[in-house]
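All chains should be built: construct the whole structure from the sequences, respecting the hints.
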Amino acid sequence: MKDKIKELESRANAVEESVVWWESKLSKTLDEYESATEKDDKEKMDELTLEIKTLLRRAEMEKMEMAKIESEINQACAEAAFNGNFSNSPRKKSDG
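Under my numbering, think of the first position of the sequence shown as 5, with each following residue one higher.
Simulated from the structure, these hints should not be mistaken for laboratory data. All of these numbers come straight from a predicted model, not from anything done at the bench. A hint or two may mislead.
Claimed, not checked - Below, in silico cross-link-like pairs of lysine-lysine (DSS-like), each with a Cα-Cα straight-line distance of 25 Å or less:
| id | residue 1 | residue 2 |
| --- | --- | --- |
| 1 | Lys72 | Lys10 |
| 2 | Lys32 | Lys67 |
| 3 | Lys72 | Lys6 |
| 4 | Lys29 | Lys48 |
| 5 | Lys29 | Lys46 |
| 6 | Lys8 | Lys72 |
| 7 | Lys46 | Lys32 |
This is the structure in structure tokens:
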């Protein structure tokens with residue numbers, strides 16, 4: 005169980021790092037697009053438009069991957085809870 009959660013956390017961290025990268029790249033590209041718009045550079049605007057579309061598609065893929073990972077984490081936790089393996093600490097028994 006712990007290995008599964010660690011693997012899922014590792015995947016989630018990798019996606020998060022990727023998101024930070026493409027958000028930075030998207031911000032830079034939008035700034036470049038704004039500059040090209042001010043200069044009325046149609047060729048550069050077209051080039052940047054394609055790059056923005058690519059980055060947005062990547063963002064959608066990352067979003068789907070994160071949803072998949074969240075679903076797998078929820079499933080693993082539910083299975084662990086159902087099997088009684090959710091926690092290492094002993095359960096307290098009620099006196100009643």
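Consistency of the hints with the structure:
For the hint pairing Lys72 with Lys10, the CA-to-CA distance comes to about 15 Å; that is within 25 Å, so the pair holds. For the given pair, Lys32 sits about 21 Å from Lys67 by alpha-carbon distance, which is consistent with the 25 Å threshold. For a cut-off of 25 Å, the pair hint linking Lys72 to Lys6 stands: about 18 Å separates their Cα positions. For the hint linking Lys29 to Lys48, the alpha-carbon distance of about 16 Å falls within 25 Å, and the restraint holds.
A hinted pair counts as satisfied when its Cα atoms are at most 25 Å apart, and Lys29 with Lys46 qualifies at roughly 21 Å. A C-alpha spacing of about 14 Å is found between Lys8 and Lys72, which places the hinted pair at or below 25 Å, so the restraint holds. With a C-alpha separation of about 18 Å, the suggested pair Lys46 and Lys32 falls inside the 25 Å cut-off, and the hint holds.
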